[in-house]
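Using the sequences provided together with the hints, build the complete structure.
For reference, the chains in residue letters:
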Amino acid sequence: MSRLDINKTYKLYIGGKFPRTESGRYYAVNNSKGNLIANMCLASRKDFRNAVVVARKAQPAWAGMTALNKGQVLYRIAEMLEGRKEQFIAELIAQGSSTKAAQEEVNSSIDRLVYYAGWSDKYLQFFSTVNPVSSSHFNFSKLEPVGVVSIIAPENNSLLGLVSMIAPAIVGGNTVIVLASESKPLTAISLAEVLNSSDVPGGVVNILTGNKDELYSHMASHMDVNSIIYFGNNADYIKSISEFASNNIKRTVFYKNDDLSNDFYESPYAIEKTQELKTTWHPTDI
Amino acid sequence: MHPNLNNLPVYDTTGVNERIAKFCSRSIKKSSKNEGLKLAISMIDLTTLEGKDTKGKVQQLCYKAIHPHDSLKDIPTVAAICVYPSYVGVAKKALEGSKINVASVATAFPSGQSNLEVKLYDTKFALDQGADEIDMVISRGEFLAGNYNFVFDEIATIKEACGETHLKVILETGELDTLDNVRKASEIAMYAGADFIKTSTGKIQPAATLPVTYVMLDAIKDYYLKTGKMIGMKPAGGISTSKIALQYLVMLNEVLGEKWMNNKYFRFGASSLLNDILMQLVKAETGMYQSPYYFSKD
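For the protein sequence lines, the chains are A and B, in the order given.
Once you know that position 214 of the first sequence is 214 in our numbering, the rest is easy, because the numbers rise by one and skip nothing.
Once you know that position 197 of the second sequence is 197 in our numbering, the rest is easy, because the numbers rise by one and skip nothing.
Hints are supplied without guarantee of correctness; some may be wrong.
Claimed, not checked - Quick list of the computed label-pair ranges, beta carbon to beta carbon: (1) Lys256/A x Pro206/B: 46 to 56 Å; (2) Asp213/A x Glu96/B: 35 to 45 Å; (3) Lys46/A x Pro110/B: 45 to 55 Å; (4) Ser296/B x Lys46/A: 20 to 30 Å; (5) Thr178/B x Phe254/A: 52 to 62 Å.
Claimed, not checked - Chain B residues, not near chain A, derived (Cβ > 10 Å throughout): (6) Glu18; (7) Leu72; (8) Gln290; (9) Ser291.
Calculated directly from the structure, the hints in this document are not laboratory data.
On a predicted model such as this, the values are computed, not experimentally measured, just so you know.
For glycine and all other residues, C-beta sits at the position ideal for the given N, C-alpha and C.
This is the structure we're talking about:
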């Protein structure tokens with residue numbers, strides 16, 4: 001007797017749990033031949049709102065963890081991903097990648113996580129400064145995480161793109177809510193399973209699958225979000241995100257270059273994008 | 001009049017939960033939701049009951065009560081401020097000229113572990129300071145030991161001391177264990193002269209829950225049918241979101257009806273609920289989800 005197929009139910013990832021969308025909606029993802037590969041949750045703005053609440057709650061404790069500890073957690077994600085390579089390669093292939101491209105993408109994703117894990121205890125001294133001032137003050141500047149970051153992930157390179165957006169944001173002490181690639185969302189939810197078993201505290205990374213048109217304005221306008229990263233070239237989105245973001249002076253980050261092997265996506269400057277510079281004047285000679 | 005405690009309805013938890021689930025699944029249209037949220041604000045007893053309370057904290061809270069969020073138009077003020085007896089005078093002064101009442105907890109709140117003399121003095125002190133409403137606690141130990149007369153007499157004595165002043169009786173349902181006990185305690189409180197029955201002090205978990213409130217509303221309904229007297233209801237503790245507040249209002253409307261849908265007969269004992277409602281109202285106006293960061297705490 002042949003076995004029945006056991007297909008995975010892809011759900012959302014919010015606050016370290018895997019809930020279905022509160023809206024009960026879903027959308028079909030097909031491969032290039034038009035065959036159904038999975039039904040995904042079609043997240044609603046309320047799912048996004050719920051994710052912001054848990055991300056906000058998780059942020060202070062995550063930022064308060066030592067640099068060493070945060071680095072270890074990122075390295076742990078890479079380790080877990082390494083152990084589940086085959087699954088990710090299979091999913092990338094199902095979503096249209098060639099075998100070679102899929103293997104390369106998984107390897108680059110793992111390497112990128114290790115890269116940012118290494119920066120965990122270094123970026124602060126790299127960007128922080130002691131500033132010369134003419135008064136009796138010891139004046140210094142250091143980076144602090146902006147807080148809660150919403151991310152609209154790349155449509156292609158559904159794994160490497162996701163990792164390249166998430167890793168620099170969280171290594172800097174932020175918590176994130178990511179809207180995964182709409183047409184290639186499988187790897188995002190599988191990455192959530194990796195995150196969930198990698199000592200990443202619940203709420204630090206939250207992953208939604210759904211429709212960009214429906215969600216992007218809420219991701220840009222939510223007053224409790226401190227920064228928004230948009231990866232893509234839609235000029236209307238960029239204009240509209242900028243306008244919404246101005247309401248609470250969100251830090252906006254627009255990535256237009258879709259070549260993820262570009263140096264920029266693997267550099268400490270990507271961490272700096274979601275940081276605020278704080279300058280302190282400390283009186284001396286008194 | 002005395003309650004007949006031998007002939008009370010028995011509550012089946014599964015049945016109550018099923019009924020509650022129905023209240024929680026009502027779909028409420030946007031305009032009704034906004035009306036409901038404003039009504040909820042007008043029913044709040046804005047509360048601070050902490051050992052670390054100070055004169056300044058209470059004054060701030062009173063200011064918040066009068067000015068919930070000035071950039072929003074047509075927002076009602078809350079019903080009352082709820083404080084410890086020692087801050088009644090401060091609150092009274094800070095609220096001068098507004099229609100907001102000052103409620104004071106009394107009778108050795110929150111445990112109620114003292115003798116009647118001390119409890120009476122506590123109550124009288126709050127009244128002397130100008131309290132418009134008294135929130136007393138029942139002696140849960142005596143209740144659980146079956147000394148119902150003791151509990152009844154104590155409430156009746158405090159009510160006598162209160163005179164015309166509104167008396168809310170806190171059952172502390174988190175310590176009563178069963179829904180049947182909640183019903184029993186509600187009966188005792190109403191017959192002993194309570195104007196309001198209230199779920200919790202907020203110091204014990206679980207505090208207010210929908211099932212417990214349902215049982216108390218049911219008791220209020222039966223009491224009304226028997227005596228024609230309307231008793232008020234105050235769930236308190238743990239009600240911190242607009243969504244839950246609306247669920248309570250749906251339940252209130254369906255169990256007791258429109259006559260109870262005002263702050264003369266229904267209150268929320270809460271501290272963080274107000275800001276959550278304000279955030280929802282601003283969201284409805286602007287279309288943008290709000291952050292607690294932009295709303296004054298007190």
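Hint check against the structure, violated hint numbers in rising order = 2, 3, 8 and 9
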